[in-house]
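Protein chains in written order, with full-length UniProt numbering: chain A, 1 to 179; chain B, 1 to 179.
Hints in this document: simulated from the structure, not taken from any laboratory. Hints are supplied without guarantee of correctness; some may be wrong.
[As the list claims (entries may be wrong)] For lysine to aspartate or glutamate, the following EDC-like pairs were computed, each having C-alpha atoms within a straight-line distance of at most 16 Å:
1. A:K36 <-> B:E12
2. B:K3 <-> A:E145
3. B:K3 <-> A:E5
4. B:K78 <-> A:E142
5. B:K41 <-> B:E80
6. A:K3 <-> B:D141
7. B:K7 <-> A:D141
8. B:K2 <-> A:E145
9. A:K36 <-> B:E142
10. A:K36 <-> A:E80
Protein chains: 2
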Amino acid sequence: MKKFEEKTLHTEAIFNGRIISLQVDDVSLPNGATAKREIVKHPGAVAVIPITDDGKIIMVEQYRKALERSIIEVPAGKLEPGEEPIVTARRELEEETGYGCETLTYIQSFATSPGFANEIIHMYAASGLYKIEHPVAGDDDEFVELLYVTIEEAEAMVQSQAIYDAKTAFAVIWAKMQK
Amino acid sequence: MKKFEEKTLHTEAIFNGRIISLQVDDVSLPNGATAKREIVKHPGAVAVIPITDDGKIIMVEQYRKALERSIIEVPAGKLEPGEEPIVTARRELEEETGYGCETLTYIQSFATSPGFANEIIHMYAASGLYKIEHPVAGDDDEFVELLYVTIEEAEAMVQSQAIYDAKTAFAVIWAKMQK
C-alpha cells in the first residue's frame, strides 16, 4: 500500500543504540513539497495474553523508565535478530511468568506508534498454561512481579490507570470478547 | 506507582526534534546495578473513534514513513503545548475528517510504547456527527483519504493488515463491543 508515498531524498543517522536507532529523513510529498520525518527504528516485539484455566489473565508489573512509573502489562518482549515471533512469544512467556503453554494462538499484529516509530507488536493468546520447574531467566535488568487478574479486575485497573499500556488495553477488551 | 523504581544517575540529551526528542539515561536498578535506558519523549496524542448514525467508523488512510507504507487508522493527532486532550480530539476530528460531533466521550488513555517512549494516547468516541461546511485545514504535510467502514469490514481489514495500528485495533474491538 503506497498511497500518498513519501520518497526518501536523504537520510541522516542520528543515534544507534542498544534497543532503538533514530534517523531523520528528508522526503518528497505527493504535492512535490518536502518535509522532514523523525523516525525511530525498533526490532519489533511480541505480546502474549496468557489465560489461565479459570479465566484469569497473567500480567506483569514493571517499572517503565520512559513513563517514570510502574505499570501492569501482559508479558511482552523484543524479537531477537532472525527470531520468529511465535518463538519469541514462547520465550518471553517463560522468562516473564515461568509458565509454558499448550496452545499459542496468533491474534494480529499492529504498529504501536506509526507516526514516529516502526515498532510492530505481534499479539498471541496462550492457553493450557503449566508451571515450568526451572524457567529460563529473563534479562538481568528486568524486575517484574506477577499478577493473576480477572476481566472485572482488569477493567477496574484500566479505570485507575494501573493498566496504562496500549497492548494491554487491547488484551483486556479482547479477553472480554472471548467470554 | 514506584515499584522497582529506577533512579536517574545521569541524562544525556541526544536529539531535540520537531516532534520527538531522544535521551539516554543511566539508571540505578533495584538490585544496585546500573543500566542504560534509551528514551523517546513525545508530547502525547489523542485518537477519536467517530461512529456514524448508521454504525460505521470513519477512518483515514495515510502514508506512514516510519512503516514505508500507508495504513488505515482512526483520526488522531498530537497535543499542542498546554492543550486539553478533549480540545485536541475535537480539532483533529475536524481537520482530518471535516466532521464535528455532538458528543465526545472519553474512553481511556494508554502508553503506546512504554519500553522506549513516553507517548500517551487519549482515546475518545465521537457520535452525533455532522459535516462542517468550512473545516479547519490540517497540517500541510499531511495527506489523508476518508473511509467509512463497518465493523465487519474493519475486521477484514485487520486480517489483511490494511488496519495495522494499535489504537485502531483497539478501536475496532471497542466498537464491536458496543454493538
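Each hint tested on the structure:
{"no.": "1", "hint": "A:K36 <-> B:E12", "result": "violated, 24 Å"}
{"no.": "2", "hint": "B:K3 <-> A:E145", "result": "holds, 9 Å"}
{"no.": "3", "hint": "B:K3 <-> A:E5", "result": "violated, 44 Å"}
{"no.": "4", "hint": "B:K78 <-> A:E142", "result": "violated, 31 Å"}
{"no.": "5", "hint": "B:K41 <-> B:E80", "result": "holds, 14 Å"}
{"no.": "6", "hint": "A:K3 <-> B:D141", "result": "holds, 14 Å"}
{"no.": "7", "hint": "B:K7 <-> A:D141", "result": "holds, 13 Å"}
{"no.": "8", "hint": "B:K2 <-> A:E145", "result": "holds, 13 Å"}
{"no.": "9", "hint": "A:K36 <-> B:E142", "result": "holds, 12 Å"}
{"no.": "10", "hint": "A:K36 <-> A:E80", "result": "violated, 30 Å"}
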